Amino acid sequence: MKYTILVNEGPYQHQASDSAIQFIRAALEKGHEIFRVFFYHDGVNNGTRLTVPPADDRLIQKAWSELAEKHGLDLVICIAAAQRRGIMDADEAKRQGMDANNIAPGFRISGLGQLVEGGIQSDRLVVFGD
1 MKYTILVNEG PYQHQASDSA IQFIRAALEK GHEIFRVFFY HDGVNNGTRL
51 TVPPADDRLI QKAWSELAEK HGLDLVICIA AAQRRGIMDA DEAKRQGMDA
101 NNIAPGFRIS GLGQLVEGGI QSDRLVVFGD
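Each residue of the sequence shown is one higher than the one before, starting from 1 at the first, in the working numbering.
It is worth saying that the hints were derived from the structure and are not from the lab.
Owing to the predicted nature of the structure, the values given are computational and were not obtained by experimental measurement.
Do not take every clue at face value.
With a cut-off of at most 25 angstroms between alpha-carbon atoms, the simulated DSS-like pairs for lysine-lysine come out as follows [stated by the list, open to error]:
| # | residue 1 | residue 2 |
| --- | --- | --- |
| 1 | Lys30 | Lys62 |
| 2 | Lys2 | Lys30 |
| 3 | Lys2 | Lys94 |
| 4 | Lys70 | Lys30 |
Computed beta-carbon distance windows for the label pairs [to be verified]:
| # | residue 1 | residue 2 | range |
| --- | --- | --- | --- |
| 5 | Leu59 | Glu92 | 22 to 32 angstroms |
| 6 | His32 | Gly113 | 15 to 25 angstroms |
| 7 | Gln121 | Glu69 | 19 to 29 angstroms |
| 8 | Lys94 | Lys30 | 38 to 48 angstroms |
| 9 | Gly31 | Met98 | 36 to 46 angstroms |
Ideal Cβ placement from N, Cα and C applies to all residues, glycine included.
Model the full structure from these sequences, guided by the hints.
What follows is the structure, encoded as structure tokens:
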């Protein structure tokens, strides 16, 4: 089965991100395909490389980046939601006249069309978060 995953919540205020990572790992272990992971609303905060949790906490952004690298996952951050929360890749930072970017490795920024395409191309769209 082919899945697209939608993550609507940030990494540390909700269980959605942890649950999505666990679901993806289990699905891949069973031989399923993950077409895309789309981060929307506060879920875009999963893609910032500047989060520094306490030493005894989990590093969710690192987990996403490692999962993407290991399995070739397409991690897409919604551009509109990202801009509202100050998350930018190098191209968007330049376009906005900013002098830095903060997107984590393995993530990319794009529009809602990527979510629509994921819903069309996949057998199931699974949503994590409100």
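A quick look at each hint next to the structure:
1. Lys30 to Lys62: holds (23 angstroms)
2. Lys2 to Lys30: Measuring from Cα to Cα gives roughly 12 angstroms; hence the hint holds.
3. Lys2 to Lys94: Not satisfied, since the Cα-Cα distance of roughly 35 angstroms exceeds 25 angstroms.
4. Lys70 to Lys30: holds (16 angstroms)
5. Leu59 to Glu92: 22 to 32 angstroms: holds (24 angstroms)
6. His32 to Gly113: 15 to 25 angstroms: holds (24 angstroms)
7. Gln121 to Glu69: 19 to 29 angstroms: holds (22 angstroms)
8. Lys94 to Lys30: 38 to 48 angstroms: holds (41 angstroms)
9. Gly31 to Met98: 36 to 46 angstroms: Once the Cβ atoms are compared, 42 angstroms apart, the range 36 to 46 angstroms for Met98 and Gly31 holds.
Of the numbered hints stated above, the single one contradicted by the structure is hint 3.
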